[in-house]
Amino acid sequence: MIELESIWEDYGLDKLQEGMRTLFPESSISLSDLMSEIMTGDILGALSKLLQGSIAGIAGQLTGMRNIFVWLLVLGIVSALMAHFVEVFDRHQIADMAFYFMYLLFSAILLKCFSQAAQTAVETIENIVLFIKLLVPTYLIAVGVSTGSTTVGAYYQLLLLIIYGVENILTGAVIPFVYSHAMLSVINGIWMEEKLNLLIELLEKGIGWVLKAALGVVTGISVFQAVITPVIDSVKASTLQKVISAIPGIGNAADGVVELVAGSAVVIKNTIGIALLILLLLLCAAPLLKIFCIACLLKGAAAFMGLVSDKRITACANRTGDAGMLLFRTTGTALLLFLVTLSIVATATNRGF
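Residues in the sequence shown are numbered consecutively from 1, following my numbering.
None of these hints come from the bench; they were simulated from the model.
Here are the computed lysine-lysine pairs in the BS3-like style, where the Cα-Cα straight-line distance is at most 30 angstroms:
| no. | residue 1 | residue 2 |
| --- | --- | --- |
| 1 | 112 | 299 |
| 2 | 195 | 299 |
| 3 | 311 | 299 |
| 4 | 205 | 299 |
| 5 | 212 | 112 |
| 6 | 195 | 212 |
| 7 | 133 | 212 |
| 8 | 205 | 112 |
| 9 | 195 | 205 |
| 10 | 311 | 205 |
| 11 | 311 | 195 |
| 12 | 311 | 112 |
| 13 | 212 | 299 |
| 14 | 195 | 112 |
Let the hints inform the model, and build the full structure from the sequences given.
In structure tokens:
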């Protein structure tokens with residue numbers, strides 16, 4: 001069994017623990033305990049224990065979401081009753097004024113819900129980038145020890161490229177377009193003809209294409225690098241190992257020591273990698289669940305209001321829920337970009353062990 005105390009300072013794990021305190025200020029997560037559980041093979045136990053504590057914190061927020069759901073239903077029903085009531089008047093201006101008053105109040109609640117989901121999405125993406133900047137350099141040290149400098153340099157450049165893309169494409173372009181999607185959905189309800197339907201659909205498809213393209217490009221580059229760069233370092237290590245084994249007298253013993261050291265380095269590298277994947281999931285579990293619940297709340301309210309309420313109010317709530325789902329997809333894509341890359345790094349740098 002590898003002793004964690006002997007590698008704690010050599011791999012910079014003390015700095016890794018400090019970075020965890022920055023990202024998880026309210027949690028007392030012990031990195032040494034987490035790595036000990038992973039080394040014993042109890043990965044599912046470590047993951048479930050951490051995720052239970054993270055998801056439990058959102059239970060209190062669900063109560064407030066339930067109240068918002070009830071208010072949306074009440075407003076939808078009241079708007080329908082008011083629309084039927086004002087039909088007794090000959091002047092349509094009264095009916096129009098009543099509808100726009102209820103629509104304004106209804107859209108304010110919708111935008112308030114959406115803004116909470118959008119703020120959560122932006123904060124989560126920023127925390128993901130901070131996580132990578134703080135914790136992954138330690139993992140790359142372990143990759144360098146077990147594999148070689150060529151692989152570390154290649155994947156370090158790839159991670160920098162992903163960080164740049166997430167900061168400038170997802171938060172700088174995609175999130176503002178999702179905001180535009182929500183605003184256009186609200187404005188679209190002003191007209192009976194819903195003149196902005198095609199524009200909203202085009203915007204939604206465009207955002208989906210960008211997210212799929214980002215995930216495809218990053219996965220493709222990661223796979224290509226996994227095919228080439230680890231092999232280069234593996235050839236260098238094999239050459240050095242053969243040279244050592246050819247030394248008369250001590251060659252066989254030295255060869256065994258090299259195999260033992262290399263195997264230990266791979267175990268340490270994989271342990272740190274799995275710990276980082278678990279922590280990354282822990283960082284995003286509660287925010288993603290919150291965004292998903294808000295989006296489902298809006299779409300569920302639209303489904304129930306569709307029975308009695310005006311078509312424009314129902315469509316507004318449904319499309320705002322679609323914008324919430326786009327936030328969920330955007331945040332999930334930012335998470336998947338790093339999860340896929342770290343997983344490929346961990347798999348491709350095992351050197352046959």
